[in-house]
Amino acid sequence: MTYTLYHKTEFHYQSLVTFSHNIARLKPKDTPYQKLLEFELEIIPNAYESHEFIDMFGNENIHLLVREAHHSLCVIGKSRVEIYPEILDAHSNRLKSNSITYGQALERLSKFNSEDLEAKQFLFESELIPTHSKAIQSYALESFRHERDLFEAANEFMGRIFHDFEFLAGFSDVTTPVEKIFKAKKGVCQDFAQLAIAALRSIGLPAKYMSGYIETLPPEGQEKLFGADASHAWFALYIPHAGWAEFDPTNNIIPSGQHILLGEGRDYADIAPLKGVVQSSGGSYLSVMVDVKQDVPMKLSQQMQSQSQTQSQMQTQTQY
Amino acid sequence: MPIFDRYVLESSCDEMFDSQKNIKEPWIEVTNELKSLGFETLEEKQTEIDWILEDNGVTYNIYNNNIDGSANRSWSMDPIPFVISESEWETITKGLQQRATLLNLILKDLYSEQKLIKENIIPAEVIFSHKGFSPEVHDFGLKENFNLYFYATDLARGPDGKMWVINDRTQAPSGLGYAIENRLVMNVIAKELYPNIETKKLFSFLEEFKELFKKFKHDADSVAALLTPGPYNETYFEHSYLSSFLNIELVQGEDLLTKNGSLWLKNLGGLRKVDTLIRRVDDRYCDPLELKNSSKLGVAGLVDVVRQNNLNMINPVGSAILENIGLNPFMEKVAHYFLNETLILPQIATWWCGQEKELEFVLENLDKLIVKKIDRTESVQVYFGKNMSGEERENLKNLLLQHPNQYVAQEEISFSTVPYYTNKSIEPRSATIRTFSLKSEEGYSVMNGGLVRVSSIKDALLVSSQRGGTSKDLWILGSDAKTINFVNRFENTKYSDTFINNLSTLKAENLFWLGRYLSRLITTTRFVLHIVKKMTNFYRYEGMISKESQEILQKALTHLTMTYPGFFSEDNKKKLERNPMIEIASVVKDASRQGSLSFTFAMLSNTNINLKDILAIESTKVYEKMKKEWSMFAKKTTHSNISMASELERMLLYIIAYKGLVKESIYKEQGLILYDIGYNIESALLLISKARSILCWHVEKSVEYDILMGLLNSIESFNAYRAKYKSSLLLENVIEFLIFNRQFPKSLAYRTDELLQALKLLPKSKDSLSSYEKPIADANELLKSLNISDLMTINENETLYATFDNALSKLAGFYIECSNEFSKTYFSHYDE
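Sequence order for the protein chains is A and B.
Take 26 as the starting number for the first sequence in this note's numbering and just add one per residue.
Take 1367 as the starting number for the second sequence in this note's numbering and just add one per residue.
Derived by calculation from the structure, the hints in this document are not laboratory data.
Treat the hints with care, as some may be off.
Computed cross-link-like contacts, SDA-like style, restricted to lysine to any residue with a CA-CA straight-line distance of at most 25 Å [as the list claims (entries may be wrong)]: (1) B:Lys2001 <-> B:Ser2012; (2) A:Lys159 <-> B:Gly1756; (3) B:Lys1763 <-> A:Ala160; (4) A:Lys136 <-> B:Lys1723; (5) B:Lys1739 <-> A:Leu41; (6) A:Lys136 <-> B:Lys2001; (7) A:Lys300 <-> B:Gly1756; (8) A:Lys136 <-> B:Glu1730; (9) B:Lys1625 <-> A:Leu41.
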């Protein structure tokens, strides 16, 4: 399956900005089941300079310095990505058959095992997912019992989030604490992913934040509008002896070809599509437009939900 | 030996006495001197030390909640040094070199191949659960200049008589500046106190530091700099001291910018490349782009500059991972792994709770242990098991079971005591030594000295400068291999800083605003003062002074301070008429109101503190006094006219005195020119504001007399006017005097001339008019073209001199444009 992606992020500033440093993470990642075919980054106004590098989580970062005076900064990532569902399926099957119980996993993670080292980066609190409360831990433990198969437990846990939480855009933003989401029982895809990660880490399991896209279908009989999509987020759980298993709690599905991965990290902060620092005396706001199109459309059984981002990550270094 | 009689009884494990109560060998000379001198001389020397330290402005700021800012505490030092023999120091030096080498190898490995983790030398959890581990620099370890260059170690003598490692300080070690200053002060008093004792010098270590900068020098114009969090930081004194000692620039985040993959220092003359950065800002605060997003202390893009190999950082971002007590239990293994050696310096026995057996042991022996979080990047947490209640201990157990990876437990140890002089007696106090090591080509050099911190109270186990206490000089007995005299620090102080081109942009900007805020404060205070006095007279002479003139002046005050609606408020009209003092008091004291005197005062405070190292100490003292008085005044809630007037008058004298000291403590090229420009622009704008409120209105003669008098008095110019015009007050004359007169220093024309001259002296001035000069030249032309009689024409039924008002409004526009263009060119480095 081949997808064409369009992701536009635009910052609007109250006062004129003459110097701004930004990091864009808009280039989809290559994985065993996903291949980047084309990529193009457009910046308006033009960047004075740019520098690419790969972060610890394997994501492509582009550092952009804009020095042309501007009231808005627009960064557009355009890419074409091929997904191999059969590889994904095979991976899923392997995970299921190699999965171990929660108790075995804890036992193994408490010891040294060279295979698990990389995953242990995702075991601890991170900027947006600080130490969890007892309530979140208990919520997770309802699904994870010592003798229970890890994959099955995680699958059930995903389903519980899907049913217990209401998808509601506008309630939260990227800074809303996980605890608040847990209490309110509502949020968007990013909140559900981060909540699941917090819960899994609280019971000693490594979990990571997956950022990307999912194709949405318009209501029956209507034509899809360009730019009606949004960026999406889900989580992956590390199953020792088997590998990383991905779950999408917003849609209660295991990704099998509909999800396009942009990048991954400990939480949203590690993989925010665009962040920056400007010298400016006024405020700013952000608008995002995303379009996901499959070259040969696939029939989806249910309409996928995703999130629209509202919170600006821009920091204002105020001057006199 | 009477002076040590009590001491001997009180001390047990001691530096000076052995267990048989005999004086240990290295201390014999020092004690002999002390015995022959007695307490009188010690007291004298202590006074001398206090005086020198205070005179040199040595301070250590303490974080407290006191917003009045009495946070500056004088540094203090004990006249008795901490003495260590040459042979023991040799062992310690080897131990420190070994530990520095190991920590550097750990640092480089963790940010490259991570063999230590992969080969199970250090558990992954000890690294990944520690917030000092920076994923942003995950692959920097193999860079040639990614090293632990500067390393501080806290040592104390354990019960076995050996020096033990207590703490490692790696990301931004502090204390070197204080150690140097202690030594310099000690040199002065040692001549009389300990004339016969020879100690090793600090000189060669500091020379090596300078050598390092030379080695890192990129090209002839590039510079090395010390990045400070700013004047509010607890050790700012040290930052400013060290930078001048090491002959490098002292900068704040706002002084720097990144572009072309390099770091640049913003100077008034332009950008200069920074090749080496010693930073005293913690890891996570160094770069708001890649690290802590909310940090205002760093420079956006700094990490990427290092990534592109264009900056040497002392120490690199990522070093915080080494400030990790969780490493202690594994250091022996690391020493074996990298060097096939055993550790030379012992550490406190430490158990990492992330291991099953260790956790079990800790939980069982909680009452004997000290529990610490391995990570001190966010907060320092220490639990003393023996002091805890049953419930507290249960809570701690739960915490350890929940997050075993993040905690260690250590044995509780009592360290040795040293003699400490206080109040005519010598008492034993516990002490720690901070030592300093520097990476050189051959390995690590250790400074032959250090900073000794002594606990503030007897029997205190924790020693920290934050908690108070005093300090000592560390003496290593013996002579240096090289015999070079320790140079006076002023010999190396360079004067290039004082040239306007190299004036830091941040300082320049602060000087500019110092001028603007001072002018604003003086002008407004005088104006308010005049209004308040007038009101008193109004009551006194039962309305002889017209109410109308008062209203004009009050509205002028609202315009002047831009505290709208103020006296223009329609809703409060009645109230304002009845009791104008309420509004006036608010304009004076309400710090939350932009434009109020208190608000302007707070802004002035910020600029003042940023200029502390340029301004004379006297001006700082006057400022501190003024600040204290102001905050007391601002807290008073009564608004009697007379008390307000007398208090304002007193404040005014302080401000004027401060202004005088500012003007005489810096000279033009050093930056006074920026102050002058700011002062003149602000004064011009405020004069125009007052002129528009007062001189543009056609009013009846008696009112006119009142308001003209008010205007002249409020700029302290009535006498000057009388001297020139020798006549009563005429509107035309006052306008000529205040706006057009080219001889009177407070007139608009005069200020315009001054500005034109001052702007020419700036580094980016050209033959043609610069963008910021043009508006002032235009203002000058406009002033020349105006004619008073034209301005004074008015139609029968009108009350506003519209032509005059228009001209003034245009003039104001020119000064504002000049200020904006000026800021763009010099402060934002718009075109570079």
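Cross-check of the supplied hints:
Under the criterion of a C-alpha separation no larger than 25 Å, the hint pairing B:Lys2001 with B:Ser2012 is consistent with the structure, at around 16 Å. For a cut-off of 25 Å, the pair hint linking A:Lys159 to B:Gly1756 stands: about 22 Å separates their Cα positions. Taking the CA atoms of B:Lys1763 and A:Ala160, the gap is near 19 Å; set against the 25 Å cutoff, the hint holds. As the CA atoms of A:Lys136 and B:Lys1723 are separated by approximately 12 Å, the hinted pair is consistent with the 25 Å bound.
In summary, the hint linking B:Lys1739 to A:Leu41 is not supported, as the alpha carbons are separated by about 45 Å, beyond the 25 Å threshold. For the hint pairing A:Lys136 with B:Lys2001, the CA-to-CA distance comes to about 63 Å; that exceeds 25 Å, so the pair is violated. Distance hint between A:Lys300 and B:Gly1756 is unfulfilled; the C-alpha atoms sit about 48 Å from each other, more than 25 Å. At most 25 Å may separate the alpha-carbon atoms for a hinted pair to count; A:Lys136 and B:Glu1730 meet this at roughly 22 Å.
Restraint check for B:Lys1625 and A:Leu41: the C-alpha separation of about 19 Å stays at or below 25 Å, so the hint holds.
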